[in-house]
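Protein chains in written order, with the numbering used here: chain A, 1 to 237; chain B, 1 to 237; chain C, 1 to 237; chain D, 1 to 237; chain E, 1 to 237; chain F, 1 to 237.
Some clues are possibly wrong.
Which copy? The list can't say, so a pair holds if one copy fits it or any two copies do.
Below, simulated DMTMM-like cross-link-like pairs (lysine to aspartate or glutamate); rule was C-alpha separation at most 20 Å, straight line [stated by the list, open to error]:
no., residue 1, residue 2
1, Lys191, Asp89
2, Lys191, Glu66
3, Lys191, Asp151
4, Lys229, Glu66
5, Lys191, Glu153
6, Lys229, Glu148
7, Lys191, Glu124
8, Lys229, Glu42
9, Lys229, Glu117
10, Lys229, Glu150
These are computed hints drawn from the structure, not numbers from a lab. As the structure is a computational prediction, the values presented were derived from the model and not from experiment.
There are 6 protein chains.
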Amino acid sequence: MRILVTNCNTTQGMTAEIVRGARAAAGPGTTVTGLTPHWGPESAEGWLDSYLSAAAVIDALRTYQEPYDAVVMAGFGEHGREGVRELVDVPVVDITEAAAHLACLLGRRYGVVTTLERSCGQIEDSLELAGVGRNCAAVVGTGLGVLELEDAERTEAAFLAAAERVRAAGAEVLVLGCAGMTGLQRAVGEKLGMPVVDGVGAAVRLAESLVALGLTTSRAGTYARPLPKRRQWGRRP
Amino acid sequence: MRILVTNCNTTQGMTAEIVRGARAAAGPGTTVTGLTPHWGPESAEGWLDSYLSAAAVIDALRTYQEPYDAVVMAGFGEHGREGVRELVDVPVVDITEAAAHLACLLGRRYGVVTTLERSCGQIEDSLELAGVGRNCAAVVGTGLGVLELEDAERTEAAFLAAAERVRAAGAEVLVLGCAGMTGLQRAVGEKLGMPVVDGVGAAVRLAESLVALGLTTSRAGTYARPLPKRRQWGRRP
Amino acid sequence: MRILVTNCNTTQGMTAEIVRGARAAAGPGTTVTGLTPHWGPESAEGWLDSYLSAAAVIDALRTYQEPYDAVVMAGFGEHGREGVRELVDVPVVDITEAAAHLACLLGRRYGVVTTLERSCGQIEDSLELAGVGRNCAAVVGTGLGVLELEDAERTEAAFLAAAERVRAAGAEVLVLGCAGMTGLQRAVGEKLGMPVVDGVGAAVRLAESLVALGLTTSRAGTYARPLPKRRQWGRRP
Amino acid sequence: MRILVTNCNTTQGMTAEIVRGARAAAGPGTTVTGLTPHWGPESAEGWLDSYLSAAAVIDALRTYQEPYDAVVMAGFGEHGREGVRELVDVPVVDITEAAAHLACLLGRRYGVVTTLERSCGQIEDSLELAGVGRNCAAVVGTGLGVLELEDAERTEAAFLAAAERVRAAGAEVLVLGCAGMTGLQRAVGEKLGMPVVDGVGAAVRLAESLVALGLTTSRAGTYARPLPKRRQWGRRP
Amino acid sequence: MRILVTNCNTTQGMTAEIVRGARAAAGPGTTVTGLTPHWGPESAEGWLDSYLSAAAVIDALRTYQEPYDAVVMAGFGEHGREGVRELVDVPVVDITEAAAHLACLLGRRYGVVTTLERSCGQIEDSLELAGVGRNCAAVVGTGLGVLELEDAERTEAAFLAAAERVRAAGAEVLVLGCAGMTGLQRAVGEKLGMPVVDGVGAAVRLAESLVALGLTTSRAGTYARPLPKRRQWGRRP
Amino acid sequence: MRILVTNCNTTQGMTAEIVRGARAAAGPGTTVTGLTPHWGPESAEGWLDSYLSAAAVIDALRTYQEPYDAVVMAGFGEHGREGVRELVDVPVVDITEAAAHLACLLGRRYGVVTTLERSCGQIEDSLELAGVGRNCAAVVGTGLGVLELEDAERTEAAFLAAAERVRAAGAEVLVLGCAGMTGLQRAVGEKLGMPVVDGVGAAVRLAESLVALGLTTSRAGTYARPLPKRRQWGRRP
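All chains, full assembly: derive it from the sequences and hints.
And the structure:
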């Protein structure tokens, strides 16, 4: 099975990291390929970045030529998943919803720890529209930007502090609220004494499941194929 | 007062029509300028178009040089408003939410009549996140595409038929669910015996109100200014 | 345009203050007239006062002889708006809902700071039924009664303290939860670093908007005209 | 135990009818006294009537001199209960909420059949704020006014027709949505094959229960005693 | 009237205590009989216990031979009420919902104080499905197990501490969240300055009310009689 | 990986059928074992059956001696999953929630077609508490009992008719609402033109995913291990 994982930003290093996380989670026989958008923001933090990212990711997929069996969208809380569902004929799983779906199976309430506080609202909206907002106890920020996550020690400390706030709000399961946090679940899970769900791994397994079950996006409603029309993807030079 | 009205698609004729509607609604002393995105879809119908439109509209505003006092975003149910709120320092009003805000003042429940059925879900989501979904009784499609609205007779007939479904669901007020329907409120309001709210006019008046009251978007939270970073707006030639 | 502003209590001084606030917010060409109910409570604090006020305000409007183009009801969280909508043929805007409608346009979540804690529940109910409760983060009291607001310094200090609680609950925009606080928005807005919405000004602008757009209350449902019948407005002497 | 039943309108005949229904439902040792407001509407149909009624009922209770152990408010969907809770020290039960509380014990979803369609919205709001709206499947009107209920045959036929609509919406229990329908539960219950709850009887039994258990309205919050202040109950002659 | 009160566990002493509480609350002419399940957990604390208890209570009722007019199920937050409603032809009242129904009549928001924190989620779910979750401000644990409640002093102290948390969350009325707390309402009510509702007493009075009004569970929907089929109640020896 | 699939009833043939469906869905390297409860109902239809089934399934797992890596609970809409989560240390996936989780990834709204109408309420409650009720458009019955599903032609016809009702309610994805319908997804998917999700297959894949990701139920909250105490599982002989 061939899974195509889209990064939400143009930073190649982050794509590589996400692909590593995805491969670590994938089943035998699954190949994972990363797709970095050709344009967009270098990191997605806030609504403006998110909409720019959504268009760029859709454009990257639209012009991607290799075959694949499923798409995993690796931008936590970022926009675009419904547009990609219209575009491609294979299953599409966004890491935000994926983490929440698995988290719901592990505890009565889950919580999300993300990067900047400004992203919390976007994540709440994304979970709500995905249909899994009910059992989310809280979405909390660590105060660290996406590109600051490389300092593993600081990230872990900030994550643990934020996790306590989420637990106090009633969460029994934690969700890593950024694709760049992939891998952190091993480091912090034991210290916290609760399951920690990484959206990238969750999405890869959900995508595999859908493919294996022969399921793909419904065309009978809002995710119908895009109508043929003139569209221009970015400014003419 | 200078209001900048953004079309959600690249069709200049529709921008002109929206500007006409906006001017008809604007107060004395208000000037209305239309802004057509330099790229994007020729009409926005569905999620893929909507995300493409959001990025293109943000790009158009980012590079627009003239001064203005408020932005009206004329894409019913289309994405992008939160990103524009991050970008500009003046009030931003989206016609979707604007129509709903005024409709809530006119009856206990309102309903929306839009173009294609595939757009209904997007509109419901947009109203919900704007905080005005509670009193929406139904969102119903006419089956007509955005670019098919020019046949006024057919449009009116389809609108009236859809309006009956909305009324049966409990709506006491109707909302025109497409910027391209501007003007229809006069034609159908009397026949229906209920108020018909046009989002373009509503948004213009709300934008004027915010400016007059000295109010603009809060920076104290999720609509903080975009962080400085590298962003590329469309594919390099 | 002639806007009639109803006070919710019998204190003439408060009517005058509200009218001042309304005039400061009104557009050119708008005249504002205040209407003090002939009976009712001297201030509305709690449910009993609110129902008494509702009947008295409706009675005052019922017997008011001068022409007007819209009604603004200046009792934050007080009852009566639906009854007034049945009674008069012009648009009716209550300051509670008005402030919330504008606040929704300025941030993802808003909060209300009001007078006594006992009023918070009423305000929450009023926002919920108006259809704008979803994005309300919190309603908080200052502990000051309506008639204690005259000490500007104390009021401002109490307001700022309460505002911090509202901000901590996630609000990005503040709403003044009492008609008697009109004017405070200028004093505290800058200190707080967030937009502060005054319901009186918001309602005046919304009423002007509805009139300008030719919109008024729907008769096609729950706000139908009152049925003709015997009604007695207060005890026979 | 002495229960005081307040009619929501000035029609003495309806008070008498309600008292009959209340007595039929009351336990041994309970005496029921009816209280007709001294002013207000001759029947409550719509919001204006409801607010007028609320003030008049509160005024009637405020000046009532005889002792009583509980108040039953017999105006289905009418306003005022929270104000009465502030005023008196004994339990207060409104027939709207009472019927819903018992209905919830009898089936997974209940529905309400009331008089005019225009009252349905008010009833929905009343149930929602009372905290029992979740399991309400539908509120439906018969098209008959309050004072038209005397024609028993027509009322029964209209009730049965409306009940079918409520059942189709998922209701397993029916609620009589008007104090003037008291008694109808016997006539229609068997024909419908579902339990029919009359709010007057329900409220009487709930009031008795609260008194017997030594429970009364909490003063620790929004139902605190009215503050001492000047209030005028109706226009000076 | 004969009320059958089912304990949710096999501890006879607790049945006796519940029966005492029920008798103290019952009206004249009501006889109360306790029914201890023949199997199940010795106390119900958590989901596993709750499902075991549900089956055991249903089995006990299924094989109970004496006549009775109503069932009161005395397991706070425990499962089974819908199954019992299918089984018997008389009214069934669960103490969880009963306490909430009465609490809603006494204040705008209520809160629950229960035994172990692990039970809070179950109680929240039970209230939500019963249709009375909306006005529940919080469910809080004391940290004491069901069988530890016998130390009255410790229980009272823990209860008062937990009650403060519930009050801070907005509750105006308290609910005793365990059948084994019956009697505590007298001890703590005055100290707290708010009404305290005991579910056992509430359920007894509600059951009496339903019987007196001639109401019983609807068969027209989800609570239809169990279909005839083979069922085995516990392992064959 | 060893998955243990529990049937919710004592009918061995249905266990065999479920195991066949589970095996068809399982990944390579997964072994599926069926577990039929030793007692309980021969089919679970309604609340009484469901609680009996919950206790019997928990008992069967409690006494099961073979090792396994995950539990799949194959009773659509049946109770017990939280109790099993307390009991075992491996992941537990209920087919009701499993189907909904995958369905949410395939369309904006999903619907469920089940057996008898009486089961619809139970299923709605189960989805709601699992946190995936928001995007459920409708739950509809076919009128066929669990043990009547063997007539494939009649089942398919009834399913297709019910599916039309679900589609009209807005569903874009269908869920088979009974473990006994496993296999039907292939037969009807193409005719309906929408994805059809079978809960058994969905749960098997989700269970595999959790195991592969090293995730299991949180002990940090409501799903803590059952407290040690005396419990009796069924009547003593």
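Hint check results:
In this homomeric assembly, Lys191 and Asp89 come within 20 Å of each other (Cα to Cα) only across copies, at 19 Å, whereas the closest approach inside a single copy is 41 Å. Taking the shortest Cα distances, Lys191 and Glu66 never come within 20 Å of each other, neither inside one copy (42 Å) nor across copies (31 Å). Taking identical chains as interchangeable, the C-alpha atoms of Lys191 and Asp151 lie at most 20 Å apart only when both belong to the same chain, with a minimum of 19 Å there against 36 Å between chains. In the homo-oligomer, the alpha carbons of Lys229 and Glu66 never lie at most 20 Å apart, since the shortest distance is 24 Å inside one protomer and 31 Å across protomers.
In the homo-oligomer, the alpha carbons of Lys191 and Glu153 lie at most 20 Å apart inside one protomer (14 Å), although the nearest pairing across protomers, at 37 Å, exceeds that limit. In this assembly of identical chains, the alpha carbons of Lys229 and Glu148 lie at most 20 Å apart only when taken from different copies (13 Å versus 41 Å within one copy). In the homo-oligomer, the alpha carbons of Lys191 and Glu124 never lie at most 20 Å apart, since the shortest distance is 26 Å inside one protomer and 29 Å across protomers. Only between protomers do Lys229 and Glu42 lie at most 20 Å apart by alpha-carbon distance; the minimum there is 7 Å, versus 30 Å within a single protomer.
Proximity of Lys229 and Glu117 under a CA criterion of 20 Å is satisfied inter-copy only: 18 Å between copies versus 39 Å inside one chain copy. Taking the closest pair of Cα atoms, Lys229 and Glu150 come within 20 Å of each other only across two copies (17 Å); inside a single copy the shortest separation is 43 Å, beyond that limit.
Violation of the numbered hints given earlier is confined to hints 2, 4 and 7; the remaining hints are satisfied by the structure.
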